[in-house]
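Student: If you use the working numbering, the sequence shown corresponds to residues 1 to 140, in order.
Hints were generated in silico from the structure; no laboratory data involved. Possibly wrong hints are sitting among the right ones.
Said to hold, decoys possible - Pairs of lysine-lysine residues, derived as DSBU-like cross-links and limited to a Cα-Cα distance of at most 35 Å, are as follows:
#, residue 1, residue 2
1, Lys-95, Lys-109
2, Lys-52, Lys-109
3, Lys-100, Lys-115
4, Lys-55, Lys-86
5, Lys-131, Lys-52
6, Lys-86, Lys-131
7, Lys-100, Lys-52
8, Lys-48, Lys-86
9, Lys-50, Lys-109
10, Lys-48, Lys-109
11, Lys-95, Lys-55
12, Lys-109, Lys-55
13, Lys-115, Lys-86
14, Lys-48, Lys-31
Note that the structure is a prediction, hence the values are computed from the model and not measured.
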Amino acid sequence: MQWTAQNQLDDLDFAYDLALLSRTHEQMQIKTANVAAVSASLGLGIHKGKTKVLKCNSENSNPITLDGETLEDVESFTYLGSITDKQGGLDADVKARIGKARAAFLQLKNIWNSKQLPTNIKVTIFNTNVKAVLLYGAET
1 MQWTAQNQLD DLDFAYDLAL LSRTHEQMQI KTANVAAVSA SLGLGIHKGK
51 TKVLKCNSEN SNPITLDGET LEDVESFTYL GSITDKQGGL DADVKARIGK
101 ARAAFLQLKN IWNSKQLPTN IKVTIFNTNV KAVLLYGAET
């Protein structure tokens with residue numbers, strides 16, 4: 001699907017995780033209330049303590065509320081393994097991925113220093129254990 005001004009992405013859904021997207025504070029408040037109403041009609045509830053608000057590139061400081069309670073504003077959040085921040089950039093996500101890959105690499109120090117293992121086996125181990133950690137979720 002090609003995104004245009006008329007065809008916008010409104011939400012991201014995966015299992016029990018939901019991320020609502022809006023251009024305005026008003027739209028976000030309406031979407032939040034609508035999701036709560038539909039959820040309640042199905043016998044589901046929204047955990048207010050786990051529900052967070054991330055305002056990207058916004059000057060509006062008014063809170064988003066749910067059933068009269070203010071939802072917590074955050075600087076960043078993780079959705080399906082990817083970190084999103086207030087600037088909408090990927091810096092925090094990339095740094096976190098590099099950190100995890102570095103940790104995976106360092107855990108395999110004995111492998112890298114081994115004289116018994118041929119280079120092609122080390123490359124395979126690198127690709128499956130380090131590179132995979134670095135790239136996990138990068139396409140989302």
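Student: All hints, please: hold or fail.
Tutor: Evaluation of the provided hints:
This hinted pair checks out: Lys-95 and Lys-109 have alpha carbons roughly 21 Å apart, not beyond 35 Å. This hinted pair does not check out: Lys-52 and Lys-109 have alpha carbons roughly 39 Å apart, beyond 35 Å. Under the criterion of a C-alpha separation no larger than 35 Å, the hint pairing Lys-100 with Lys-115 is consistent with the structure, at around 26 Å. For the hint linking Lys-55 to Lys-86, the alpha-carbon distance of about 6 Å falls within 35 Å, and the restraint holds.
Restraint check: the Cα-Cα separation between Lys-131 and Lys-52 comes to about 31 Å, which is no more than 35 Å; the hinted pair holds. Note on Lys-86 and Lys-131: the hinted pairing holds, with a Cα-Cα distance of about 28 Å set against a maximum of 35 Å. Taking the CA atoms of Lys-100 and Lys-52, the gap is about 25 Å. The hint holds against a cut of 35 Å. Simply put, Lys-48 and Lys-86 have alpha-carbon atoms about 21 Å apart, close enough for the 35 Å limit, and the pair holds.
For the proposed pair Lys-50 and Lys-109, the alpha carbon gap of about 38 Å is over 35 Å, so the pair is violated. Note on Lys-48 and Lys-109: the hinted pairing is violated, with a Cα-Cα distance of about 44 Å set against a maximum of 35 Å. Proximity of Lys-95 to Lys-55 is assessed by CA-CA distance (about 21 Å); at most 35 Å being required, the pair is judged to hold. Our distance criterion of 35 Å between C-alpha atoms is broken by Lys-109 and Lys-55, whose separation comes to about 41 Å.
Restraint check: the Cα-Cα separation between Lys-115 and Lys-86 comes to about 47 Å, which exceeds 35 Å; the hinted pair is violated. Distance check on the hinted pair: Lys-48 and Lys-31 sit about 15 Å apart at the alpha-carbon level, within 35 Å; holds.
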